[in-house]
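Could you build all of it, start to finish, from the sequences and the hints given here?
This is what each chain is made of:
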Amino acid sequence: MDTMIEVRNLSKRFGSFTAVNDVSFAVRGGEVLGFLGPNGAGKSTTMKMITGFLTPTSGSVKVKGHDVGDEPIAAKQALGYLAEGAPAYPDMTPVSFLGFIAQVRGFKGAELTRRVNTAIDKANLRSVAHKKIDTLSKGFKRRVGIAQAILHDPPVLIMDEPTDGLDPNQKHEMRMLIAEMAKDKAIIVSTHILEEVHAVCTRAMIIAQGRLLFDGTPVQLEQRSKYHNAIRVAVRPSSVDDAVQKLRGLPHVKEVEVLGHDKGQVRLMIFPAASVAILDEVSQLLRAQAWPVDELSVEAGRLDEVFRSITVAGAEALT
Amino acid sequence: MNNIIAITRRELTNYFATPVAYVFIVIFLVLTGIFTFYLGGLYERGQADLQPFFLYHPWLYLFLIPALSMRLWSEERKTGTIELLMTLPVTTTEAVLGKFIAAWIFTTLALVLTFPVWITVNYLGNPDNAVIFAGYLGSLFMAGAFLALGAAISALTRNQVIAFVITAVLCFGFILSGFPLVLDFFSGWLPHGVVSAISYLSFLTHFEAVTKGVIDVRDAIFFLSFIACWLTANVILVEMKKAD
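Chains as they are written, first to last, in this note's numbering: chain A, 52 to 370; chain B, 359 to 602.
It cannot be assumed that every hint is accurate.
Unchecked claim - The calculated DSSO-like cross-link candidates involving lysine-lysine, where the alpha carbons are at most 27 Å apart (straight line), are:
(1) B:K436 x A:K189
(2) B:K600 x A:K183
(3) B:K570 x A:K189
(4) A:K159 x A:K183
(5) B:K599 x A:K113
(6) A:K113 x B:K600
(7) A:K182 x B:K599
(8) B:K436 x A:K183
(9) A:K115 x B:K600
(10) A:K189 x A:K222
Said to hold, decoys possible - Partial list, derived from the structure: chain B residues whose beta carbon lies under 8 Å from chain A:
(11) R368
(12) T376
(13) P377
(14) T437
(15) T439
(16) L442
(17) V448
(18) T449
Quick caveat, the hints were computed from the structure, so don't treat them as lab data.
Note that the Cβ used here is the ideal one computed from N, Cα and C, for glycine as well.
Printed below as a string of C-alpha cells:
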C-alpha cells in the first residue's frame with residue numbers, strides 16, 4: 052500500500068518549551084499506528100500538526116501526498132480527525148451535526164442523507180439521533196465524534212484517545228470498529244492504555260518529551276520486556292532452595308525469582324537469557340524432578356514495564 | 359461558497375436552537391418600542407417620519423450587538439469545537455464570513471420585525487418612505503460594523519464576558535469618536551491630522567446623515583470598509599489564537 056502519512060523532521064516549540072522534537076515517520080494504508088507516551092509527551096501536538104490545526108515550527112507533514120502547509124484543504128479532505136475530548140456543537144443533535152459536517156465535506160441531497168445514515172449506523176447512534184449532543188453520555192459523545200470523522204470514508208484517520216472514558220463494552224466496540232476500518236485506511240490512534248496497542252495496532256510508537264523513542268510492532272515492544280518468554284510456575288518441590296538452585300542451573304535460564312510460598316507450594320518467575328523460549332527445558336526439569344505442578348504459564352511480556360523503562364530511561368538520557 | 363453557506367446555516371439554526379434568538383428579538387423589539395414612543399416621543403412630535411426610531415439605534419446596538427457577537431468565536435474556543443471546525447476542509451476566511459453573515463442576517467431579521475412602527479407612521483401620515491428605507495439601510499450597515507468588530511474581539515478570548523465588555527467599550531468609542539469626550543482624550547498628544555481622522559470614524563455622524571435621507575456613497579463605503587477591516591482582523595486573530 053502507498054504511504055498515506057509522511058512526517059518529516061517535525062518540531063514544535065512553544066516559547067522555550069519543545070513539545071515535539073524532530074519526529075519523522077511514515078504510515079501506509081492498512082496500518083494502525085498506536086501512539087504511546089506519558090501525558091504531555093507530545094502525542095496530541097503531533098496529531099494536531101498532522102491535521103493542520105497547529106502549524107509546525109519546522110518540518111513538514113504530507114497527507115496522501117498533499118503538504119498540510121501548502122495544500123491544507125486537499126489534505127483535510129483526505130483526513131478524518133477525532134480530537135481529544137471529541138468536541139461537537141452541544142446545541143445540535145447528532146443528525147443535524149452530521150448533516151453540517153456532510154455539507155462542509157461537499158455532500159448534497161440523497162448522498163448527504165445516505166452518508167449521515169451510514170455514519171449513524173456505524174457509530175451506533177440510532178437511539179440518540181435526535182437528542183441534543185449536550186445531553187448525551189460521554190460514550191455517545193465520543194461516538195458522535197467518531198461518526199463525524201468517518202462520515203466521508205477518509206483514507207487517513209487520526210484519533211486522539213478514542214477509548215478514553217468509555218466503559219469496557221464501549222471500548223470493545225470501539226476497537227472492533229477500528230479493526231474493521233483498518234483494512235484500507237491509514238489510522239493513527241493515541242492512547243495510554245497499553246492493552247489497546249495489542250488489541251488494535253499493527254505498529255506502536257513511543258514518544259516521550261517530544262522525541263520518538265520506539266517504533267516497531269507490538270510484539271517487538273513486548274520482546275523488550277524482561278518478562279518476554281518468562282515462565283510463571285506454581286510447584287510443590289521438596290525444598291524451595293533446591294528448586295531455585297536446579298532451575299538456575301538450566302542452560303538458558305538467567306534468573307529465578309521467588310514470588311511467594313505457602314503450604315509447600317512455591318510460586319516462581321523464571322527469566323530466560325536473551326528472551327529465548329525456555330518452556331521446553333523448564334518442563335523437562337519439572338517432570339524429571341516429579342514435582343507436582345499446580346500452574347504453569349508463559350509470559351508474553353509486560354507492556355507497562357517496557358513503557359516505563361523506555362520513557363523513563365529516554366527522559367533521563369535527554370536530561 | 360458552499361462552505362460559507364453551510365456555516366451560515368449552522369449558525370443561524372443554532373440561534374434558534376437556543377433561547378438566545380427569542381430573548382434577543384423580544385428585548386430588541388420592546389426596547390425599540392420604548393425608545394421610539396416614550397423617549398423619542400413619536401406621537402408628540404406630530405411628524406410622519408421615523409427619526410425618533412432611528413435616533414436610539416446606536417445606543418441599542420451598543421449593548422445588544424456585543425451580546426450577539428461575544429459567543430461567535432469565544433464559545434468555539436471554550437468548547438474546543440474550533441479544533442473540529444479548523445480541521446474540516448474550510449478556510450479561516452470562509453469560517454469568519456459564515457459566522458459574520460449569520461449574525462448579520464439575524465440582526466436583519468430583528469430589524470425587519472420592527473415593521474409595525476413603519477406601518478404606524480404610514481397609517482398616521484404620509485412619511486417619505488425612501489428616507490425610512492435609507493434609515494433602515496444605515497441601521498443595518500451600522501449593526502454590521504458593530505458585529506464585525508465584536509466578532510474579531512470574540513476571537514481574542516475564550517471568555518464571553520470579556521469579549522462583551524471590550525466590544526461594548528470599543529463600540530462606545532466609535533459611536534462617540536466625533537465628540538469631545540473621545541477627541542479631547544487624543545487631541546493633547548496626537549497630531550491634528552490623526553485626531554480629525556478619528557473624528558471621521560464617528561458612527562453617529564455617518565449614521566445621522568443616512569437617517570435624514572442623505573445617502574452619501576462615502577457613508578456606505580465607510581461602513582463597508584470598516585466591516586472589511588475588522589473581518590480581516592478576525593481572520594488573523596483566529597489564525598493566531600485558535601490553538602491557545
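Now for the hints, and whether the structure bears them out:
| no. | hint | verdict |
| --- | --- | --- |
| 1 | B:K436 x A:K189 | holds (18 Å) |
| 2 | B:K600 x A:K183 | holds (25 Å) |
| 3 | B:K570 x A:K189 | violated (57 Å) |
| 4 | A:K159 x A:K183 | holds (23 Å) |
| 5 | B:K599 x A:K113 | holds (24 Å) |
| 6 | A:K113 x B:K600 | holds (22 Å) |
| 7 | A:K182 x B:K599 | violated (32 Å) |
| 8 | B:K436 x A:K183 | holds (18 Å) |
| 9 | A:K115 x B:K600 | holds (25 Å) |
| 10 | A:K189 x A:K222 | holds (12 Å) |
| 11 | R368 | holds (5 Å) |
| 12 | T376 | holds (5 Å) |
| 13 | P377 | violated (11 Å) |
| 14 | T437 | holds (6 Å) |
| 15 | T439 | holds (5 Å) |
| 16 | L442 | holds (5 Å) |
| 17 | V448 | holds (6 Å) |
| 18 | T449 | holds (7 Å) |
Comparing the model with each numbered hint stated earlier shows that hints 3, 7 and 13 do not hold.
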